[in-house]
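Enquirer: Sequence:
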Amino acid sequence: MTSRNVTRFRPAPRRQAEPLFLFDARRPIQAASPAMIEQVITHADVAVRLSGGRLKLRISAAMIEHLQAQGRLDDGAHRLADLTVVWDEQEGQVLNVRDDARLRDAAQRWSALDALWDEESYEPEHAMRSAAA
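Plus 7 on top of the position in the sequence shown (first one is 1) and you've got this note's numbering.
In case anyone wonders, no lab produced these hints; they're calculated from the structure.
It cannot be assumed that every hint is accurate.
[As the list claims (entries may be wrong)] Below, in silico cross-link-like pairs of lysine to aspartate or glutamate (DMTMM-like), each with a Cα-Cα straight-line distance of 20 Å or less:
| no. | residue 1 | residue 2 |
| --- | --- | --- |
| 1 | K63 | D82 |
| 2 | K63 | D89 |
| 3 | K63 | D95 |
| 4 | K63 | D81 |
| 5 | K63 | E96 |
| 6 | K63 | D121 |
| 7 | K63 | D106 |
| 8 | K63 | E98 |
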């Protein structure tokens, strides 16, 4: 009787490789350095007040270009626009750093594909004929 029950078991499924996600949102290849985090804190032009005396700090692309024109940031500073730093004003320390470099790269990769599905192509056929007439 036990042999009949054993034959009903299915073998464990084989583990497949990790699927390729539409947005490859894993950690960036180059991690944010302490110098980069300090530059975001120093030059942030976008600050959102959070609860508990915290600030979410970012540098906009326009501010980075402005600081590069002044010579205060080097040519590779465009990467600072990907960083978001959560700063605790009471403790005077960094709580969290988020890096959106992979999301930016994925959005650029898929923007051409998204452009193929514009809203005009989904209009009913009779609406397109009446507009052409």
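Enquirer: Next step is simple, just say for each hint if it's right about the structure.
Expert: Consistency of the hints with the structure:
no.: 1; hint: K63 to D82; result: violated, 25 Å
no.: 2; hint: K63 to D89; result: holds, 13 Å
no.: 3; hint: K63 to D95; result: holds, 9 Å
no.: 4; hint: K63 to D81; result: violated, 24 Å
no.: 5; hint: K63 to E96; result: holds, 11 Å
no.: 6; hint: K63 to D121; result: violated, 30 Å
no.: 7; hint: K63 to D106; result: holds, 13 Å
no.: 8; hint: K63 to E98; result: holds, 15 Å
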